[in-house]
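**Q** Given chain A's structure and the hints, the job is docking chain B onto it.
Chains as they are written, first to last, in my numbering: chain A, 1 to 355; chain B, 356 to 710.
It should be emphasised that the hints constitute simulated quantities derived from the structure, not laboratory data.
These numbers come from a predicted model, not from an experiment.
Some hints here could point you the wrong way.
Stated by the list, open to error - Some chain A residues judged to face chain B by a derived CB distance under 8 Å, without partners named: (1) Val4; (2) Tyr58; (3) Leu177; (4) Lys178; (5) Tyr339; (6) Asn349.
As the list claims (entries may be wrong) - DSS-like mimics (lysine-lysine), calculated; alpha carbons at most 27 Å apart, straight line: (7) Lys451/B with Lys67/A; (8) Lys331/A with Lys13/A; (9) Lys710/B with Lys483/B; (10) Lys43/A with Lys13/A; (11) Lys195/A with Lys280/A; (12) Lys404/B with Lys96/A; (13) Lys355/A with Lys533/B; (14) Lys446/B with Lys331/A; (15) Lys128/A with Lys148/A; (16) Lys710/B with Lys178/A; (17) Lys686/B with Lys96/A; (18) Lys96/A with Lys635/B; (19) Lys566/B with Lys503/B; (20) Lys451/B with Lys49/A; (21) Lys635/B with Lys556/B; (22) Lys710/B with Lys322/A; (23) Lys96/A with Lys128/A; (24) Lys421/B with Lys677/B; (25) Lys167/A with Lys128/A; (26) Lys421/B with Lys393/B; (27) Lys368/B with Lys67/A; (28) Lys211/A with Lys234/A; (29) Lys96/A with Lys451/B; (30) Lys280/A with Lys128/A; (31) Lys533/B with Lys589/B; (32) Lys355/A with Lys446/B; (33) Lys422/B with Lys96/A; (34) Lys13/A with Lys451/B; (35) Lys96/A with Lys710/B; (36) Lys677/B with Lys91/A; (37) Lys355/A with Lys710/B; (38) Lys96/A with Lys589/B.
Don't be surprised by glycine CBs; every beta carbon is placed ideally from N, CA and C.
Number of protein chains: 2
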Amino acid sequence: MVEVNPSEKIRIKDIAEQAGVSVGTVDRVLHGRPNVSKKARIKVEGVLKQIDYQPNMYASALASNKKYCFHCILPEHDQDAYWSQVEDGLKDAITKYNDFHLTLYITYYNQFRSESFAKASQKVLQEKPDGIIIVPQDHNVTETFCAKLIKQDIPFIFLDSNIPEIKALTFYGQDPLKSGRFAARILMLASQYCKDIVLIKFMKNNRIASKQQEFREIGFRHYIQEHLPDCQIKELIIQLDGNRSYNEQLERFFIDNPHIRNGITFSSLAYIPAEYLLRKNRRDFSLVGYDMIERNVECLQKGSISFLIAQHPWRQGYDCVKTMFNHVVLKQETPRDHYMPIELLSAENYIYYSK
Amino acid sequence: MVEVNPSEKIRIKDIAEQAGVSVGTVDRVLHGRPNVSKKARIKVEGVLKQIDYQPNMYASALASNKKYCFHCILPEHDQDAYWSQVEDGLKDAITKYNDFHLTLYITYYNQFRSESFAKASQKVLQEKPDGIIIVPQDHNVTETFCAKLIKQDIPFIFLDSNIPEIKALTFYGQDPLKSGRFAARILMLASQYCKDIVLIKFMKNNRIASKQQEFREIGFRHYIQEHLPDCQIKELIIQLDGNRSYNEQLERFFIDNPHIRNGITFSSLAYIPAEYLLRKNRRDFSLVGYDMIERNVECLQKGSISFLIAQHPWRQGYDCVKTMFNHVVLKQETPRDHYMPIELLSAENYIYYSK
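Isolated chain A (complex conformation) (with noise of 0.2 Å):
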């Protein structure tokens, strides 16, 4: 039989004893609270650096009573979307630590537009906050934004892309590039390396949602290059603010391409061509697609969807928070750069699928 007993805490009665003062003198020291003489604070620090006391930060944290201010500037979006799983995990985590007097405040901007993700974080910034998540927008208008964090001592923390050369305290999202090489191989094996692809791309003013989806692309490529270098990738162009309808985009792209049969796509709108493909009763089709949405797996139910790639939106949200918690309340050092795993599912395992 194998024991399994971290080292037995000391308590505050043998602290007392040895620093000669009373029980009540040790947890106010402890705790950081007044009315301690200088020279009892002292003896009281000389026992405690004497054992190398661990202090109990849960017990500290409680007992501070202090509450903590923490925001989030995240994209807009609809109930049924993936930022909606981001939000989930967030506000879980600050129900979890619900003892602690942690409020979380959440501001929103447009992913298209620069001067939205701006005009958020300008005003975030007049609230003080103690500590702030961001999922960041275009390197310039983040990096202004991080430079006054920066320079007022806020922590922050990177939820989604990632900007390695902006020192946030660290970042938890999935690494595009290998991700994109992952989905290249999943995508050859589905289609038998077949060598007709097309990648479906969701833009709006011109732009693709994310950073996240143009470093999956550039990953792809690479794969592809490398293992199937005579591979013909077509692109199809949404556009969400178009004249047409989806429908109308999607149609002319299969009647104008009936030989592609594989395809896919770095956003986690796979539903869109899915639901097309379903309409259309069209079974010949393989299609690979990003995240765990409700209309996406409707989609993997019913075979429009070969795999999709999933990557912990809710974990995400709920990891951010508690190391913001763990840094800022019970002051403990963080790891940098957590990268989430790159997940398949198909319909034989998405049940399972922890978020």
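**A** Same frame as chain A, now just chain B:
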């Protein structure tokens, strides 16, 4: 800006005021400590009920100073095996909850001998544990033990394999039937729908190490029968305690079956055939296996394993202790049965697998 702030806790001072007693009395009632008059207790409990008081369970548990003994019954294993990752998870959780005076005792048994489990469980029972985490063995020997636990009101959790007829507090592990189906789909793709495959089984004392492996095979065979009914599944049984070396056993098979180029094993010992393939420099063979242990990962990197299916052994261990802690110490309700995700790892994504 959206504010997330779970309802503010009512203060003990307010409860004391409403009940007309001292703060110390409220504190004693909340933490179940003695020296409270019946009259005061009734008053305080009345107020608590009226305001639907949700106790701060962390503070209560910290204040109670009670010690808890958890036990675990685990298969014997080498340092680099699958089970050592489960054990790390158990230990890390105990360390995490260090402030709450938990000790964990681990007792080992031989997976290939029922009487070994019976002996281990008998020993553990004598220790009067506050909770037990069990990797079940044969149905009968596990049932006999669990009947005693139920009688003595000792909570127990199943880890790795489930026996649904025995009502454990909860279960942490993979759904083996679904896992086998998923493995079949992946092998079908990786082999390009090849109709000659080998199923490699590892045995000792004429038995497979676990029920999980047996059920994975059932799920696998069902899927193949549905989707590729012409497929010939040849079995290669490797005797872990036989007279012939693994190398000899593998050599014999591959000489006799030169046309077979695709294989699967449901054990974590995929590295045994994979290292053989590397030594023979056979690059035309596609192997699917289970579990992210070091020697498997090396073969994944070198290409002699195409895919590994992972099942989060560390998390299984960690979550079992966490759930037992929540149940025994924090008195929280436990949702039943936690099926682990069925995760696919290849050379492209394995580095971001989160234990």
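**Q** Look at each hint and say if it fits the structure.
**A** The hints, checked one at a time:
1. Nearest Cβ of chain B to the Cβ of Val4/A: about 4 Å, under the 8 Å cut. The hint holds.
2. A cut of 8 Å between beta carbons decides the hint on Tyr58/A: the least distance to chain B is about 6 Å, and the hint holds.
3. Using the Cβ-Cβ criterion of 8 Å, the hint placing Leu177/A at the interface with chain B is not satisfied: the shortest such distance is roughly 10 Å.
4. With a least beta-carbon distance of about 6 Å to chain B, the hint placing Lys178/A at the interface is held under the 8 Å criterion.
5. The beta carbon of Tyr339/A comes within 5 Å of a beta carbon in chain B, closer than 8 Å, and the hint placing it at the interface holds.
6. At its closest, the beta carbon of Asn349/A sits 4 Å from a beta carbon of chain B; the interface hint therefore holds under the 8 Å criterion.
7. With a CA separation close to 24 Å, the supplied pair Lys451/B and Lys67/A stays within the 27 Å bound.
8. For the hint pairing Lys331/A with Lys13/A, the CA-to-CA distance comes to about 25 Å; that is within 27 Å, so the pair holds.
9. Restraint check: the Cα-Cα separation between Lys710/B and Lys483/B comes to about 32 Å, which exceeds 27 Å; the hinted pair is violated.
10. Annotation: proposed proximity of Lys43/A to Lys13/A holds, straight-line Cα distance about 14 Å (limit 27 Å).
11. Only pairs whose Cα atoms come within 27 Å are accepted, and Lys195/A paired with Lys280/A is accepted, the gap being roughly 24 Å.
12. For a cut-off of 27 Å, the pair hint linking Lys404/B to Lys96/A stands: about 23 Å separates their Cα positions.
13. Taking the CA atoms of Lys355/A and Lys533/B, the gap is about 18 Å. The hint holds against a cut of 27 Å.
14. A C-alpha spacing of about 23 Å is found between Lys446/B and Lys331/A, which places the hinted pair at or below 27 Å, so the restraint holds.
15. A threshold of 27 Å between alpha carbons decides the hint, and for Lys128/A with Lys148/A the separation of about 12 Å falls inside it, so the pair holds.
16. As the CA atoms of Lys710/B and Lys178/A are separated by approximately 18 Å, the hinted pair is consistent with the 27 Å bound.
17. Distance hint between Lys686/B and Lys96/A is fulfilled; the C-alpha atoms sit about 16 Å from each other, no more than 27 Å.
18. At most 27 Å may separate the alpha-carbon atoms for a hinted pair to count; Lys96/A and Lys635/B exceed this at roughly 54 Å.
19. Among the hinted pairs, Lys566/B with Lys503/B is consistent with the structure: their alpha-carbon atoms are about 23 Å apart, no more than 27 Å.
20. A C-alpha spacing of about 23 Å is found between Lys451/B and Lys49/A, which places the hinted pair at or below 27 Å, so the restraint holds.
21. Distance check on the hinted pair: Lys635/B and Lys556/B sit about 21 Å apart at the alpha-carbon level, within 27 Å; holds.
22. Using a Cα cut-off of 27 Å, the hinted pair Lys710/B and Lys322/A holds, with the two alpha carbons roughly 18 Å apart.
23. With a C-alpha separation of about 23 Å, the suggested pair Lys96/A and Lys128/A falls inside the 27 Å cut-off, and the hint holds.
24. Taking the CA atoms of Lys421/B and Lys677/B, the gap is about 17 Å. The hint holds against a cut of 27 Å.
25. For the given pair, Lys167/A sits about 20 Å from Lys128/A by alpha-carbon distance, which is consistent with the 27 Å threshold.
26. Our distance criterion of 27 Å between C-alpha atoms is met by Lys421/B and Lys393/B, whose separation comes to about 24 Å.
27. Simply put, Lys368/B and Lys67/A have alpha-carbon atoms about 18 Å apart, close enough for the 27 Å limit, and the pair holds.
28. For the proposed pair Lys211/A and Lys234/A, the alpha carbon gap of about 21 Å is at most 27 Å, so the pair holds.
29. Only pairs whose Cα atoms come within 27 Å are accepted, and Lys96/A paired with Lys451/B is accepted, the gap being roughly 16 Å.
30. About 54 Å separates the Cα atoms of Lys280/A and Lys128/A, which puts this hinted pair outside 27 Å; it is violated.
31. Taken as a hint, the Lys533/B and Lys589/B pair is honoured in the structure, with Cα atoms around 21 Å apart against an allowance of 27 Å.
32. Distance hint between Lys355/A and Lys446/B is fulfilled; the C-alpha atoms sit about 24 Å from each other, no more than 27 Å.
33. Distance check on the hinted pair: Lys422/B and Lys96/A sit about 24 Å apart at the alpha-carbon level, within 27 Å; holds.
34. For the proposed pair Lys13/A and Lys451/B, the alpha carbon gap of about 24 Å is at most 27 Å, so the pair holds.
35. For the hint linking Lys96/A to Lys710/B, the alpha-carbon distance of about 22 Å falls within 27 Å, and the restraint holds.
36. Of the supplied pair hints, the one linking Lys677/B and Lys91/A holds, its CA atoms being roughly 21 Å apart against a limit of 27 Å.
37. Using a Cα cut-off of 27 Å, the hinted pair Lys355/A and Lys710/B holds, with the two alpha carbons roughly 15 Å apart.
38. Restraint check: the Cα-Cα separation between Lys96/A and Lys589/B comes to about 51 Å, which exceeds 27 Å; the hinted pair is violated.
Comparing the model with each earlier hint shows violations of hints 3, 9, 18, 30, 38; every other hint is respected.
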